[in-house]
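Asks: Spelled out from the first residue to the last, the chains are:
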Amino acid sequence: MDIKAYIGLSILLFSIGIIGVLIRRNAIIIFMCIELMLNSVNLLLVAFSKMHALGIAHGSPSLASDAQVFVFFIMVVAAAEVSVGLAIIVMMYRNVHSVDINFLNRLKN
Amino acid sequence: MLGTYITFPELLIWFPLVAGIFSFLIKKDDSVKTWALFASIITLCISLGSFFYTNDINASNVSYEWLTSLGSSFAVGLDGMGRLLTFLTAIAFPIIFVATYNNKYKNAKAFYGLMLLSQAGLMGVFCAMDALLFYFFWELALIPVYFLCSRWGGEKRIQATFKFFVYTFAGSLLMLIGIIYVYQHTSVRIEESGFHSFRISDFLAVQLNMQQQSWLFWLFFVAFAIKMPIFPFHTWQPDTYEQAPTSTTMVLSGIMVKMGLFAVLRWLLPLFPLAVARWDNIVIGLSVFGMIYASLIAIKQDNLKRLVAYSSIAHIGLMCAAIFTRSDTGLQGVMIQMFSHGINIIGLWIVIELLEKQTGVRKISELGGVAHKAPALTILLLVIALANIALPLTNAFVGEFMMFSSLFKYNVWFATAAGVSIILAAVYTLNMVQKVFYGNTNAVTENVKDINLSQTVILSVIVVIIFVTGLFPQPIFDLTKDTVTSLLLRFG
Amino acid sequence: MSNVLESVWVIPIFPLVGFIVTGLMRNYLPKHLAAFIACSSIFLSFLASAYVFYIVKDVTSNPAAIHYFDFINTGALHIGFDFKIDHLTSVFLLIITGVGFLIHLYSTAYMSEEQENDYAKYFSYLNLFVFFMLLLVMGGNYLIMFIGWEGVGLCSYLLIGYWFTNNNYNNAAKKAFIMNRIGDLGFLLALFWLIAKVGSVDFATVNAGIAKLSTFDVTGITILFFVGATGKSAQIPLYTWLPDAMAGPTPVSALIHAATMVTAGIYMIVRSNVLFSLAPITMEIIAVIGLLTALLAATIAIYQNDIKKVLAYSTVSQLGYMFLALGVGAFSSGVFHVMTHAFFKALLFLAAGSVIHAMSGEQDITKMGGLRKKIPVTYITFLLGVLAIAGFPFTSGFISKDEILLNVYNHNKLYFYLAVIGAVMTAFYMFRLLFLTFFGGFRGTHEQEHHLHESPKAMTIPLIILAVLSVIGGLVQLPHVFGGHPYFSEFLNPVVKTVEHTDPKLAMKEYVLLIGTIIGLAVVYFFTKKNYAVNKYEGEYHGFKKVLANKWYVDEMYDAIVVKPLLAVGTFFKNVVEKSGIDGFVNGIGKAVNYSSRQVRLLQSGQVGAYVLLMVIGILILFIVQLFL
Amino acid sequence: MSITTIVFIILSVMAVGAALMMVSAKNPVHSVLWLIVVFFSISGHYVLLNAQFLAIVNIIVYAGAIMVLFLFVVMLMNLNVESEPMKNYRLQLAGVISGGSLLLVLLSALMKVQSTPVQTNDGDVGLIKKLGMVLFNDYVVPFELSSILFLSAMIGAVVIAKKEK
Amino acid sequence: MNAIILTAIWGVVMMFGGVFIKNKATPKYLAIAGLVLIFLANGLELNTGRALLNIDVKDMLHTNSFNLTFIAVAMGCTLLFFLLNGRDVEKVGSHVSEYFALMFFVLCGVCIAATFNTLLMLFLGIEIISIPLYILTGSDKRNLKSNEAALKYFLMGAFSTGIMLMGIAFIYGGNELASFFIDNIKIGEGKMPVLLSVGLVFLLISMSFKVSAVPFHFWTPDVYDGAPTVFTSFMSTIVKAAGFFAFVRLFENAFGVVHPQWQTLIVIITAATLLIGNLTAVFQQSVKRMLAYSSIAQAGFMLFAVFALNEKAKEGLILYSAAYSLATIGIFAILIKMKDYTVDGFNGLAKQQPLLAITATIFLLSLTGIPLTAGFQSKFYMLMAAVQDGHQFWLVILAVLCAAISAYYYFRIIQAMYFKEATAEAPVIDDADISKGFKILLVITAALIIILGVYPQILLDWLYHSV
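Residue numbers (the numbering used here), protein chains in the order written: chain V, 1 to 109; chain X, 1 to 492; chain Z, 1 to 629; chain U, 1 to 165; chain Y, 1 to 467.
This is chain V alone, in the form it adopts within the complex:
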């Protein structure tokens, strides 16, 4: 496979994530779109790792593994982030009974 294909796919998914953030009002869905963005990054990293595995890192595969470890850390962080994020969303929901970000307009100007 060509790296371009992976780049294209990742960018596409990433953009879909961004568009999702832009057009949705539900905080949970927005958050999910962000998760999609993270996943596209993961995919790209893995693809790059495999690309480097053929190229520069051919002799020393640990270099290529770095990216996959990185992906692992991304997942770790994402998990932590999700727990906090959902806690915040729930807290919000408890107070205003909505997760619609359009109602977040007490702070402005």
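Hints in this document: simulated from the structure, not taken from any laboratory. All values derive from a computational prediction rather than experimental measurement. All residues carry an ideal CB built from backbone N, CA and C; glycine is no exception. Heads up, some of the hints might be wrong.
[Claimed, not checked] Here are the simulated DSSO-like pairs of lysine-lysine, each with C-alpha atoms no more than 27 Å apart in a straight line: (1) 28/X - 420/Y; (2) 367/Z - 309/Z; (3) 363/X - 564/Z; (4) 449/X - 31/Z; (5) 162/U - 24/Y.
[Unchecked claim] Residues on chain Y that point at chain Z, a partial pick, calculated with CB under 10 Å: (6) 159; (7) 208; (8) 222; (9) 264; (10) 278; (11) 336; (12) 435; (13) 439.
Dock chains X, Z, U and Y against chain V, hints included.
Replies: Showing chains X, Z, U and Y alone in chain V's frame:
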């Protein structure tokens, strides 16, 4: 000998500073007043002492390690021009304090403390021999004045002062950029830690091409033009003069505007000779137009304070124009006129303050006939007002004569146009004198009393200075001769 | 001798001391003491001046300036505080201190009704004036001269506005000062020009360095000097202040606005005669301006009803004659006329003051009449003054004016005829004045009539002295034809070269003039007596007379052409340019910041979606910049 | 066209299609489910790239734990209705346009990248053993530090969830 | 290293403290004690280079005098913050100990962000900073504004995390050395490869987000406004400074060679930040929100460090961090005590509490950049750095003009304090709230600002202290 362990420029800066800080600690209003007066007189003595113990060869240049890694140092010195202007600063404050001795200020300790601090800042500006230090003092002189005006001023003081503050602040920041730029081009002094330098001598050694100089010229000039102020940067001035407490206005108009002129002489002119030669016509044009412009407005002005403000703009315009003629005569004229104008305008403000105190009115049209009630005041004012319009034998005449003379040599038409302002100055001054002092008394002026002893004394002191410098200006020329000569050397 | 001359500083010091003492002590000095100090200081000056005259008389060369101290001594400019005492100066010194003393003396009585401190103030001003006037004529360079020049202007201002309660008087004072300042600007510019070209304002140095000046320079400098002279000496176009200056006390008018200050312009030109001689264009201009002024002022004087105004216009007119004389190169004649004019015009003014005194302050001649019996001394002296100014043969006026006319005749015949017409008009308005005041029936109120009285001795004695001088003062320059000798012009010879009249027809011309004068005076006498020695006089004029009575509406014209537009520009600057323009711009920046602040903060809409959208747009822009630009 | 390419295309279409469905689904529950589909297809990609460890972790952590958490919250909030209000049309359009242009900009720039092969169905960089070695040899410090992350997440959950007294 | 370990440990200590300590006041003292310890330990490392534990970090963290000095500044400021605002933390909610624990974790993240040497560490550091902050922002649970701020912060923060990761991915992909180490990125002399270029922009954007540079600043005002004021003070100062430090560290080490190729982006961002930050601050009525915008405006100046990336810039950054943090912490400490957060709420403060007014004035003057305050020195260094760089002179001029605008909103508070009378009868501040210790601390803060203004060398000399 005094001056061995601590030199005069240092004394001139530190003494008012310490005295000002000390003022904040005094509890009683009356004693702080006395203290401030006392301190200012001591400063005056120090300044007088500097005439005896320093000269241009031994200009008391001292320099302490300060911001070493920046190449800046606490370098101060007193050349002829510095001595003249520090003397002006030193003599102005006692005069101001005595003249306003009867005023009761809320929170007097802060008032007098800030006044002394501003004096320290001004002294610093006149003594600094390091660009960064100069900038520091330039701003430091401003801050106390800001507080003084905003706290003790008139009705619209906050807006007016703030306009003044932001205006000058913006200008000085532009200058700061210029300073940094020049600094970057100073040669690295390897023997001393390998940094660039802010020292004036190193600044003067910088070689810049025409384009660089032009940019820098305008960066500096705008800062100074705002301070002076020169048309069209002057609009803060009438408002501020009107709103500020009169004693602060005296500082502002008597000394602070000289900062701008001084800065042009000390920094702008020697640093950018090429650009000065290139842009002098524009600057002089602005100055001359400003003279006529301000004079015409002054004629139509009904507010005493604003009238004096506009008259000041006109006078400063002439000084600025004369500076840029870059001739010996013009520069010497500016030197003496800086001193004279400071004295005269402080005298004017004292009179205006006395009037306003008594009548509560500063509209010319509402006053009248004061001469009946206060003949002594009238006569003293008349002398000061006439000095202000440069009548011969008063101090301003010599300076204006020389400045006009140099302007004439520079360009006949500029001189002629500027000369018109001599006539206009007579018009507005005499108008003012006529409407305020002559004619019949009215309800407002009915209860005006003549000045008391201390005021008579202080105004008389001013009048004496006016006549003495008017008749014997030569000592001042001798004082500033070397400064002028070395300035002119920059232009070959 | 030189030692004596070096001590001439005492001459101006006396009045200066007088000024300081009377000025500072004005609240404490009793009237007679103030008067004594003031008069004695002038008298001492007069004595000193006389002594100086006595010394200078024997000097034939042109004495050098006396240097006292460096006034301005800088790299490029060296001006000393110098005095120069020569023949010209000594003449002026005598005039100033002599006439000045008489007028001081006169004032002691004239001003006696003033309050004590005002009285002292008045004398201190007078003393100050004399001081500056002395400085003016003694100055060894143009700058010192200028100091006096502006100083006398100041004193003129102070004295015109002496009664400062009256707003009109104040306006007059202000007008005088400002008009003078316009002239002073010319003077100053001339000085700057000299400094720029010659590098000095020293009389001697300038005269020595004249070679450095091109014709253009000389013409320009002299024209500018002349502009200065038109201001001080009330010539077209700057003459309008002088009639208004009559607001001051009458002795002041006599001293400042007739005898001394207004002649400063003549002094200055004579002092610079070397320069002026090299500038024929300027000379011609001076002649024309002088002539025109003489005629214009004379026409106006004809229909003035204020006794002092008539005299004021007469002064302007006479000054015109002096300039005419200078313009045609007859410098010494000009100076001579200055002297005679000082006598008779001071006399006329003082006599007029006496009349006014008698009339309890009334100045309108239409309300006078028939006073000759009531105040005979005044009448006689006034009559002598009128005869002198009208040029009655062998009075001082006749001699000095004749000399001028002859010189003019030699220069340009048209000028001559016009000048003669002016002389006739002079006779006309003076006789009109005489008749309206002293002849016919009294036209004032009963109260005034009841109050009429001759003035005290202190006033009449100066009148008498001046009257004598007016009559015989001209004899020092009596032409050879009438058996005299031009002592005066001889005396001035070291300073100004007298024009030698080798005209063979000179004697004939002198006689023609003499006869013409007699005839003319006779005609004028009878005509005016018929018309003006009347019991009733209508002070209203119509038609062309009204134009004359209203001074050709020159003041109104100046107001419309200069004053109003300037004020309008001032208003425009103040209200439009300053407020809306510059300050508007400055405040506009503030407002713009405020406005944009209000607008920009709307970006902060509070909506996360909008924020992210804006961020994405930002990302987009950055990418485009980075990747494609 | 090799089998790898075909699998790639299928997985890609699946991922993109599911992503689009996720973004556009009106019902939040559907969105969650679609996202799980995306994750599965991405895991498929991992398998294709022979990144076995990540493929498993992705399924377990993402599709399993995280998405269940999401589902849980959505259910908890009773958001499983089809009537979620959408943003107004213009904002949506603006979002799509700007997101789309970003995509275009990036694509047009990145497609100029030199073609480089990616190792598929082979290589040991993604194997558990290999990654384990790297993780616990070279990446111990970050590994330990990430515990702080979890600690703070934990405290956060406590702080936020616990009722104020 | 010492600081990282100790902050982490102390976070855990505080966490357990929450379980065992029931007294509300005690955690504060514990936290202060810990911070003193950390400060000293860091000082030890800075002074002697001695680490308490010898851990092989595989070069993923890199300490030198520069970042140790920064950590010292950050810890010092935090110490001051704890001392000044310790009691206010207690007022936020019942989980006092936990708040402190979270703040320690943030500090740990700050240390990581200051010392990172790989993109992974950068990422972890930033996340360790961010996640506790989300929580702290929302810690005032029943306050809807706090909730809203937390959610906004979280959503946008997560979004920026995604962008940062994308950038890291591209950097890794474009790096022919296949490395995440920032000093191990092969760029070459000529134009950057497009992958690196894209990655750089993504990183730039995400870092800009963290330092709230326009147009990625939108979260800042809302979050700073909504968060409990004590935490606003904390995150707008120390955390923000750390963001800048990371920004400079990343771009200097990774992309310093191709500086000219991305300078334009910084210019755009800097100009926009200066303009928008200052302009928007002008109109704010709430001082808290104004300070939020002011932090954006100040960020504009700090961006000059990234713009210039020279020695002066780095010195300036340290100085700026200290100056800005001190002044902002000080002004926030006073703001917290105010009854009314609007500008008018400050009316007449000078009469009631002259000392507070004077110190507040010094803080505001420093923020404006008046000479002899630390604020001036820092701005001065930044301007010097920019002028030294020699490009884009107009940006410098824009900056000083904006500084003049900034005087407008800072001085409004001074005007309110000194030149206006209190409108209401009630005092503007509760005198009982102002303890002597608090005043002393304010004076110390003000004194530090002046000292740094007069003699910045005492701080900057540490930069050249060999570890």
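Asks: All hints are to be evaluated individually against the structure, with a verdict given for each.
Replies: Here's how the hints hold up against the structure:
Note on residue 28/X and residue 420/Y: the hinted pairing holds, with a Cα-Cα distance of about 24 Å set against a maximum of 27 Å. For the hint linking residue 367/Z to residue 309/Z, the alpha-carbon distance of about 15 Å falls within 27 Å, and the restraint holds. Only pairs whose Cα atoms come within 27 Å are accepted, and residue 363/X paired with residue 564/Z is accepted, the gap being roughly 22 Å. Straight-line distance between C-alpha atoms of residue 449/X and residue 31/Z comes to about 25 Å, which keeps the hinted pair within the 27 Å bound.
With a C-alpha separation of about 17 Å, the suggested pair residue 162/U and residue 24/Y falls inside the 27 Å cut-off, and the hint holds. At a threshold of 10 Å, the smallest CB-CB gap from residue 159/Y to chain Z is about 6 Å, leaving the interface hint in force. The interface hint given for residue 208/Y is met, as the beta carbon of that residue sits about 9 Å from the closest beta carbon of chain Z, less than 10 Å. Given hint, residue 222/Y at the interface with chain Z, holds; its Cβ is 7 Å from that chain's nearest Cβ, closer than 10 Å.
Satisfaction of the interface hint for residue 264/Y is found here, the shortest Cβ-Cβ separation to chain Z being roughly 6 Å, below the 10 Å cut-off. With 10 Å as the threshold, the beta carbon of residue 278/Y comes within range of chain Z, its nearest partner Cβ sitting at about 8 Å, so the hint holds. At a threshold of 10 Å, the smallest CB-CB gap from residue 336/Y to chain Z is about 23 Å, leaving the interface hint violated. Restraint check, residue 435/Y versus chain Z: the minimum CB separation of about 36 Å is more than 10 Å; hint violated.
With 10 Å as the threshold, the beta carbon of residue 439/Y stays out of range of chain Z, its nearest partner Cβ sitting at about 34 Å, so the hint is violated.
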